[in-house]
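Visitor: Spelled out, the chains give:
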Amino acid sequence: MGFLLQQLINGFMLGATYSLLAIGYTLVFGLLKLLNMAHGEVYMIGAFFGWTIVTMIHLPIYLALLGAFVIGGILGIIVEFFCFRLVSKDYPLASMLSTIGLGVILQNFALVFSGGEMVRFPEMLRTSNFYIGPVIISEVHLVIFGIALCLMLMLNILIYKTKLGKSMRAVAEDKNVASMYGINVNVVTMATFFISSSLAGITGVLTALAYHSITPFMGVEQGLKGLAVIVLGGLGSVSGAMAGGIILGLSEVIAIAYLPADFTGYKDAIAFAILIGILLFKPTGLFGKFGLEEKV
Amino acid sequence: MSEGYLTGIFIQIGINVILALSLYLPFSTGQISLGHAGFMAIGGYFSSILTVNFGFPLLVAMVLAGVLSCFFGILVGYPALRLKGIYLAIATMGFGIIVQIFFQNFNYTGGPMGFQGMKGTNFILTYVTAIVFSYLIWRLMNSRIGRAFEAVNEDEIAAAAMGINITRIKILAFSLGAGLAGVAGALDAHYVYYIDSHNYSFLRSVEMLLFLIMGGSQVVWGPILGAVILTSLPEVLRFMAGYRMIFYGCLMMFLMIFRPQGILDRRLLLRLKNYLVPWKVSHS
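These protein sequences, in sequence, are chains A and B. Numbers 650 to 945, taken from the numbering used here, label the letters of the first sequence in order. Numbers -18 to 265, taken from the numbering used here, label the letters of the second sequence in order.
These are computed hints drawn from the structure, not numbers from a lab. Don't take each hint at face value.
The calculated lysine-lysine pairs, modelled on BS3-like cross-linking and capped at a C-alpha distance of 30 angstroms, are [to be verified]:
#1 B:Lys65 - A:Lys682
#2 B:Lys65 - A:Lys916
#3 A:Lys824 - B:Lys65
Turn these sequences into a full structure, and let the hints guide you.
Guide: Written as structure tokens, this is what we have:
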């Protein structure tokens, strides 16, 4: 029982980072019905920027988180401008390829910067553990989970309680009608990209804190898993992305714990097996609100 | 620059032309696949097992690899009929990644250690295959079936009303594309001597999509042109060393801003035709 509880808690920690990344995808998809494939790379750049602040400028970790948040947001605005606003809307795949191109650029910048080697992220938090009965919770995990939860709460407030959130929802519903009501669609889109990508940047630092190592390629796999999560939760649904991330985190951790040793290599396949299953049997996802009529 | 180096690049271009065409087939009926690296892996591994462990000649192994990939194409294509656009792209992406993870853990083909001992792909074999398939696809696109592909791509309901069996046409296009990817996978495996699951990552599928979209997805010549340009470009840019992929990415972004339909589209092809064969002027 204690073992299971421990795995569940680990799964929640892992899942929270998946959720944060997936929320970024789903915000953009909800607004434009297009995928931002550079999202994983923004996450990676966030981790590298945090690392630079911590090891080269020797600032505390909380400033690194803030820095990654800001740099992620700036990258998001760049993505929006060069890959979405300037690219013709008549060819939806063009935007997707353009974001892949931007991802290639970001990845290779990191590659040149790091020299292609795995970079060790210093342990910034005291590694004291809390013992609750048979369950161990490390402080790092608690901080990560706490920050993730705070961000998700703030996002929910932003979307459902503020004027910007209201206009974001309006633009997602119908761009033309929203602009008729005096909403500046370009500004709202830009703000959405800022929020989406800054979440990715901060997630990069959070996972770097948990795993202590960062590589220029860390964004690829994480980005693909984020995609799987938004399909699971329903494309365009924010609460779906939150729940989907937790579900994926839990199922991965439990699979590692309970599958026979020969099969643990398949743990990364779980995300994509779930993804295919969901797409075939319930294409709108668990919490989806958009139908299947897509532009592409 | 040695002769072997140049031949190697030319063989790669040939293989990539086949891969780009393999994606063009499903795309011409409106199906986007981001899992073609999976079909390529199936073809590559299966043909390698046949030639290395059972001593089959390469040509026979290539044909069998194509048939097996084609079969898997039907297996994936049939349930995927329900999905469209981004949803289909994501589902096929999942398939490709699962195939990659499978081969990473499959001990018979060496698992993470990879599989080696294949040889035999040469310049002539690659280009004979590439040219034969280009010709066949060009003929196919101008045949009754090709017209059906186009009709399904433009409007499925209208196509069905004209008596086209959409299910059959879409599965035909998807499985033919998958089979072609398998053939290219066989050629590729016997060219690189050593394969492991990383050869067939998601990025491989993205690369194929790049050939198709940047070359132009409206005409057969588009993916061929895309494969030729994008395969030779990193070699041409070699002098930039670490920055060449950054340049490559910038080029992708600029091209998508200024020419989102790809380099070669119907209009440009028509103008080229009128320019090159002025005595057969055609308008549209």
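Visitor: Is it true that the CA of B:Lys65 sits at most 30 angstroms from the CA of A:Lys916?
Guide: It holds: about 28 angstroms lies between the C-alpha atoms, which stays within 30 angstroms.
Visitor: Would the pair A:Lys824 and B:Lys65 pass a check requiring their Cα atoms to be no farther apart than 30 angstroms?
Guide: The hint holds at about 23 angstroms.
Visitor: With a cut-off of 30 angstroms on the C-alpha distance, tell me whether B:Lys65 and A:Lys682 pass.
Guide: holds (13 angstroms)
The structure agrees with every numbered hint stated previously.
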